[in-house]
Each structure stands twice: as structure tokens, then as C-alpha cells.
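> Residues per chain, in single letters:
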Amino acid sequence: MAKAEYRLILKHADEPGYTVDIDCYLSHGGYQVLKKALAMPPDQIIQEVKISGLRGRGGAGFPTGVKWGFINHEKNTKPVYLLCNADESEPGTFKDRQIIYKDPHQLIEGMVISAYANRAHLAYIYIRGEFAKGAEILEKALAEARERNFLGKNILGSGYELEIYVFRGAGAYICGEETGLIESLEGKRAYPRIKPPYFPAVLGLYMCPTIVNNVETLCHVKHIVEMGGAEYARIGTPNNTGTRIWCVSGDVNKPGYYEYPCGAITFGELLYEVCGGIRNGNKLKAVIPGGSSAKVLRADKKYKIPKKKEDGSTEIVEMGLEDIPLDFDTVAATGSMSGSGGIIVMDHTRDMVECLRNIAEFYAHESCGQCTPCREGSLWMKKMLDRICTGGGRPEDSKLLLEVANHIAGRTICAFGEACSWPVQSFVEMFGEEFEAKQRKESSLEILEPLTNRTA
Amino acid sequence: MSALIKNPFNHDLPPLEAPLVNVQLDGQWVKVPKGLNIIEVAKRFGKFIPHYCYHPKLSIAGNCRMCLFEMGMPKLDANRKPVVDAEERPVINWLPRPQIACATQATEGMAIRTNSKLVKDCQEGVMEFLLINHPLDCPICDQAGECRLQEYAYDFGKGRSRFVEEKVKKPKRVDFGPRIILDDERCILCSRCIRFAREIAKQDVIGFVNRGSYSTLTVYPGRVFDSNYSLNTVDICPVGALTSKDFRFKMRVWFLREAKSICTECATGCNIIIGSRENIVYRLTPRVNEEVNSHWMCDQGRLGFHYIHSKKRVTEPASHLNGSLFPLEWSEALRTVAQKLMEFPPSEIAFLVSARLTCEELYLVKKLMETLGKGTEIFSEIIPRKGVADGLLRSADLNPNTKGAIGIGIGKEGRRIEELKNKIRAKEINCLFAIHENPEEVGIQEDILSSLSFYVWQGLIPGPAVHKANILLAGASFAEKSGTMINIAGRLQKLHKAILCPGRAREDWRILRDLLLLVGVKERVFEKINDVFDAMSKEIDLFESLSWNTVGDLGIDLSQKLKNRSIL
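Going line by line, the protein sequences match chains A and B. Those letters in the first sequence? Residues 1 to 456, by my numbering. Those letters in the second sequence? Residues 1 to 568, by my numbering.
Quick caveat, the hints were computed from the structure, so don't treat them as lab data. Warning: the hint list may mix true and false statements.
Said to hold, decoys possible - Capping the alpha-carbon separation at 30 angstroms, the derived lysine-lysine pairs in DSSO-like fashion look like this:
#, chain 1, residue 1, chain 2, residue 2
1, A, K302, A, K3
2, A, K75, B, K158
3, A, K75, B, K75
4, B, K75, A, K188
5, A, K195, B, K374
6, B, K167, A, K78
7, A, K188, B, K158
8, B, K169, B, K158
9, A, K399, B, K167
Values in this document were obtained by computation on a predicted structure and should not be read as measured data.
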């Protein structure tokens, strides 16, 4: 029997009869938390979020309360903007989409509360261009909320004013990088900004203090205000609080999205019990735990995880992949990350070189081209993998792939450099023998035709 | 005084009031102004951090990643006090990630490594990345010889390529504007030209299209980059992506002999370098002078030099005899002119002098007039040239040395042109000496010139009524002579001779000197331009206590002196 889900964010999402209408949301207790929040001083909400230990659900897992604390409201004279990052583009991730398509008012309520806490009077939902329907749903939901005075001037008689607009993205992965998103919102190419000096909390949208939060993160804020930060922090494990929506795709019998408290479930439980095991009774080979940019984890490897003992000291525990609990810190301890929660499962039939080639093609296509290492390196790695996969591999290619990846990571303007080099580093390191076999050209694996003929 | 052009950024010029902070540069503690970026910090101590996208006068882009360096900050203890080592020096916490020097500002206690293993690895990586899709067509590239990609490949690259894939193909020979050709394959996407167009030329028509390695520099559809400052992008382009239509394929840059001079196309006097080979000028490029043009010059000035090689130039002294030109020996020509000038009563002589002459030449003209006048003032005038100031570098005054002419006391800024015309008509003036000016330009046409008894023309390219000139003296262009001029802001600046005069043409100061000798001023013979300048500084109080050598390459500010004389 699989562990039961603990649905906080997706509580109503899949309930029969639950619609995106505001009436439906109101009948399920909607916008009650907003009333509570508007009666609280904004700083108290920020304090509750800090106490809750909420970490960003967009990928980096940065503590939300700390991010909010970067704006000095006493000194600041500029307007503050709140941006909702709904540009969910990381391959393997499809959680924000569920919220937007099935429960948009939860996001709006979370946003109004967050905007109020951050003294923002203008907020944008930057939704990826491909979510056309989602944008439509949000527009309608915003109109409904405006009509009921959950938005607009003097919200619910509190004197607080807020407007939220939907902005449809430009169809590029890089628009999800927070400073790229800001540039795109300003009407420019989504070239990420250099940090320093352009930290969003200081010089964000139109050079004003700006908070950028993920869809799921903003929804969590609503629940934190509802139950109180301390109570919320009891969900999950210390420093890994709240629930997370895990998006499982790939070679499992029941792919889908599953919400659990952080650390409440292990990879093994999720894949074998919740997702019904590996398809066709195959053997698990590898897992990418946090969206395609996260480092791949090999199923038959032991991972050294530091564990806190009761007396406060830490010890190193060896764990198989199946035993690793799904949270932020333990997954990070494996050398990978839980990122956006997109878990991609690969069984033993998968050719890891082909898998990497697929990922590399995505990143070569999505590199914005602004800074040199990522622009040139991502396409180089893709071309090398194309060559290896089409029978032109050379023994030195593994080493070269690694060296190219090492010349990208940590030397770029934004985290895309890591996003495109981590998969290469981890695939080559973890599955070196498959690369070597292919490069020897005596591979037992069939030499496959190129996946696509796309070049640009 | 600061640059006549207002740069939106001056990363290399920290505010004077900036406090000094201590930074550790490659192990050495030094003091630098707070907030100065690390490229400039390194530069001040003789270290070079390679960079492509960074330009001191443009916004910081941080995209080339060539200037990555290793950064550290003092380690702090629990009380946020720096931890010190046995020698009382702060212990440094080195950041694991390299930082970009262009966007990092010096702060107290910062530590910088410009040549560590990590830094070298970063530089090798970036160089390799930049070269993999580069066409490596240096043998036919105009930038070769002054190409940052070439230079850094030698200095910071690995010296070999590991790239065996096919290169990205991009557009070649793109018409970027009326004066520029773009080769997209050579472009390293540093965005300097884009930022220049947006921030300085204020013609925001350049940008990137496509993504990743396929990113392509282009002009907005239906627009051209035709700003009068467009060619500066060719200068700041670190590679051969942008080339000047005027200069491309004309000359390898390492053959160019470079002479420091100033542009004479308007009164701003932008500092330039004249690039020439075997007495032919191939290009003018701006020379940095923060008091005048900063790093820039306008396209008009840059391309306006071609007349000096015109086939229409007079390259030998000549006389007109029965309507046809008759070459003369210099001695004969000059003797004739001197003799004639002395024959006329001073009141019948007029000098039409150009405000494009140098101060030295104007001074000699002045001396000649004084000698001939013997106490009577001889009529002199300059031809004014009015353009439109553009708020950047173009001045409304298109003569480069109007202030010099006024300061030396030649002409009345063109107010007496009509008077001159009438006086010639009325035969009150019977002898005209036009130096580097064609009287036709101001309506003194053939019919008026016909009433002169004696007309001497000295210059480069004669006007339509030149056959009225009794004697023609072949002068020198700005590139063929040394001297000084005073720009619109009152700055005295030097021209340096870049090439020899064509044919038998002569530097104008030598012509004037010889005339002076012939009319009887023999107390001093000027051998060099320095002598003229030094004599001028003794006689004309505007130049008092100056000498040729003190003027220097960047000129000297005379604005206060000019203001005191109500010339400025």
C-alpha cells in the first residue's frame, strides 16, 4: 500500500466538481486567509514566512522569507513589484501548470497576500507563452477577483491597493531565469542580468525592488498565513518544510504529480509504490531528481549522506538511491538537487548517451547566447554528442565533454551555465562505461539515427 | 573642463572625491579609489585583465567572460572583525567562483588574483569557446594586426583547437549601414556596437536575433545604421566583424605609419591618428583625449581626408600666362610674389586667409602683413563656415582654427567679406593674396577677380576662377604639416606631419617664411616649426610662456586666456 498523499496545494485540484470559478473557490473557504492577512501588519506576514522555513519551489530552494527580507522598506522610496514566475519550462516539471489550470484563485490569493507583505501595489504573473489556456484562465480569475474586490483599490476595505496583470512569455526557457524574466517583462530580449549589481531585490523590474517567486511558492504563503509559520514548519523535516509536488515522468507505470511533505517519502517508495513500479517490469537505471538540469543519479550506486544524530553531531550514512528521502537537503547531499521537483526516471533499456544527447540538444537550443561559455559550449557539447551517437565517437570525447562542461559551470551570467553542464558532467561521470563503449564503436547498443534533424 | 562629448559612462575616471580603499592585487596591498572596477584597478598597477565587451565609456554588459578573476574578501570572525595572520595581514576567504572584473568594484579589503591557475583556466576556456565558431580567416581580415581575438589567442589561449565539429554558418558581407560592412561569422557578440549605438550615437537600430550559438548581430529590418558616428563601432569592435567600407581591403594595418594629429573638419579638433603608408593616408582614427573627443570622432571628419589625394590638387608653383598654367621654380614664384606685394601701397592689398591654417601660419601671415603695411593696417579677412552643432562632437563652426585667427588678429570673423568684395570692385584693393581659400566660395567671382591687378592663390584645390590668379603657390594639407590650432573650447592642440607634400608642394609656413625673408625680415630664419612657435609665443601674448614642447600630445587649455580677451 502506497503512502497516502498529503495534498496541501493540490487539495482541491482534482476533486470532482471543483472548477476554476471564484464561487467554487469561495465555497471551499477561498479568500478567507486574505481577510486574515490584511488584518496583520505586513512585517508579521514576512516573519511568519521566515518562521515557516519555506524554501522556493522554483528550483534553487532559496528561503522565501530571507528573499523578502532583502528589501529595506524603511529606506526604500521606489515602488516594489511582485512577480510570479509561471514560466515553468524545466523539462520534467509540470506542477505549476496544475495549480494554474485547476486552482488559479489559490495562486491569486497567495499573490495578494505576498504582495501585501512586500508592500507591492503592482504584480505580474509571467506565464510561459505555451500556456495559452492558462493565461486565459488566469485572466478570467483575475477579473472575478477584481469584481469581488479581492484586487483593485481598497481591497476588502483594508485600504490596500493591488493590481495583478498576466504577461505571456516569449517562448524561451531563459525567460524563467528571474532576471531574464524581468528583462522580458520590460519588453526586451530575456538576457539575464549580471549579479552584482542587478539583484532583483535592489534593482529589479524598471530598476525597482522586485520579488520574484514561483507559482507553488506563492501558494504556500497562503497556507503559512492560514496555519501560522510554526505550525506549517511542522510539515516535513527541519529546513525542509512544507509539502512538495513531485512530477514523475519517464519509465514508470503511473507517471504524474504527487504531493507529499518534504522528506516523507523516499525515491523507492515514490517510484515503486506510488508510481506503480518501473514499466514492463524493467530495472531502474537512473533518476534525474529535479528537472533535466539536475545531475543524474545512478540507481546502483551508494550515496554518502551526512545525517544529524540526536546529540547534534553528524555522521555519514551510505544510502542506496531508493532509500533517499525526497527533500531539499538529502537530495543535495547526493551531489544533485531536488530542483523544481521534476523526477525523470530511466530504466535499463535506456541508452544514457542518447538521453544526454536529448538533454544537450534542449540546452543548446535554449541557450540565450548572451555570454560566451554557455553560448558556445552548449552547442559544442550537443554537436559532440550527435557525433558520438551517430557513430563518430573518439576515445578522447568523454574527457573533452567533461572539460567543456567544466569550462561553462560557474563562469556564466546565470545558472543556465550549470543547467547545461551538470547533466553532461554527471552522465559522463556516472555512466562513463557507456560513453566509452560507444566511442569504441563496438557498442552492443544499437547505433541510433539522430532523434531529430533540427539544427537550430 | 571635460570632454566636449558627454559620455554616459566613465568607468575609467573615478570621481575625484572617491575615498581610497585597500585592495590586495596579486599579493600586493595597494590603495585605489573605492568603486573603481577591477579591470581599471589592475591597469593602474601595470597589470592587464583581458576583456572584449568592457569599454570604459559604455554600460557594463559582462557577457564576454574574458575578464574573469579570482576574488577574495577578508575572513571575518564571530564579531565581524577581520581575522589577521601572524603578520597582522587579513586572512582572505577566496570565492570558489571566478568573478567578472568589469562589473566588480573595489571595496575595502578585497583581494584580487589576475593570474592564478583558475584565472588562466577561465581565460583558456573562453578563448577556446570564442574561436570554435570563428572563421579564422585572419589572412583576409582587415582587423588582423589589431584584433583582440588574435592578440588574446596568443597571450591567453591554449594555442590549439579541440573542435572537430562543423562550425556555425552565419551571414557574410551584411550591409550594416552606408559606411559599414558586417561579417557575422567573425562577430563574438560582445554587444559593444549595440551599446554604442544606443548610448552614444543615440541610434538604437542594432541588435541580436536568434539564440545561443546562432545569435546574430543585425540591423533592425528596414533601417540602416547611418549615424554620423557609426564608424566608431568599427574602432571598438574587438574583432573584424565590423569593417569600414572606406578602409576595408585597402591596407594591412601593420604597414600603416601612425602620426598623432587633430581633425580639421570642424572647430572641435578631435584628436586623431593619421594612418599612412608611402605618403598616402589610408585612414584617420580617433585618439583618446578626455578633454576633447574622448574615444570618438564623427564619420564626416574621419572620411573627410580624401581630398588631400585629389587629382585636382595644385602640386607645383605656377603662373598663368595667356590663360594657360606655367610651372615655375619656387624661388621665381616667391620672388615675383614678394616683389608685387611690395609694389602696391598697403591699402591696396588684401589677404583672404583661411581659418583652417595653423596658428604658426597665421602668425607668419600677420608678420608679413605688418612688414608690408609699415604701420598701415592691411586688409585681412577669413571665410567663415557654418554648420550645425549636433550636441556630440560636431561644432557649428566648421573652421578648425577660428579662435587662433582671432587670437592672432587676422580677419574679423568674416564680417568684412562684403566690404572686401566692394573694395575690389571699386578698385580700392588691387592686390589679393588668398591663402587656402577660394574667393569664389564667398561670391568673389571671376568678374570681380578680373578687376584685380595682382592675384596670388596659395592652397590645395583651386576654384573655378583660378585662371584669374597670376601666381599659384602649392600648399600643404593638414596631414602634410605640423603646427597648432585652437579649438572651439579654447584648447591649443598640435598637428603632426604624417606624410610628405605631393609633387613640389610645400608646407605653408615655409612658403610664408620665404616670403618674409624676401620682403626683408631677416633678423631670424625659422628652420623648424618649433622656431616659429617659440617666436610666436614671444610676440603674441596669447601664447606667452608656451613652447612647442609644452603643448604636448593632448594640447593645452587656453580658455581662460581667451576669455580674458573676450575671444571665448
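> All hints are to be evaluated individually against the structure, with a verdict given for each.
Hint-by-hint comparison with the structure:
1. Distance restraint check for K302 (chain A) and K3 (chain A): the Cα-Cα separation of roughly 24 angstroms lies within the 30 angstroms cut-off, and the hinted pair is therefore satisfied.
2. Proximity of K75 (chain A) to K158 (chain B) is assessed by CA-CA distance (about 50 angstroms); at most 30 angstroms being required, the pair is judged violated.
3. Distance restraint check for K75 (chain A) and K75 (chain B): the Cα-Cα separation of roughly 29 angstroms lies within the 30 angstroms cut-off, and the hinted pair is therefore satisfied.
4. For the suggested pair K75 (chain B) and K188 (chain A), the alpha carbons sit about 40 angstroms apart, so the restraint of at most 30 angstroms is broken.
5. Straight-line distance between C-alpha atoms of K195 (chain A) and K374 (chain B) comes to about 74 angstroms, which puts the hinted pair past the 30 angstroms bound.
6. At roughly 47 angstroms between alpha-carbon atoms, K167 (chain B) and K78 (chain A) are farther apart than 30 angstroms, so this suggested pair is violated.
7. For the given pair, K188 (chain A) sits about 36 angstroms from K158 (chain B) by alpha-carbon distance, which is inconsistent with the 30 angstroms threshold.
8. The suggested pairing of K169 (chain B) with K158 (chain B) holds, with an alpha-carbon distance near 24 angstroms, which does not exceed 30 angstroms.
9. Of the pairs offered as hints, the one joining K399 (chain A) and K167 (chain B) holds, with about 21 angstroms between alpha carbons and a cut-off of 30 angstroms not exceeded.
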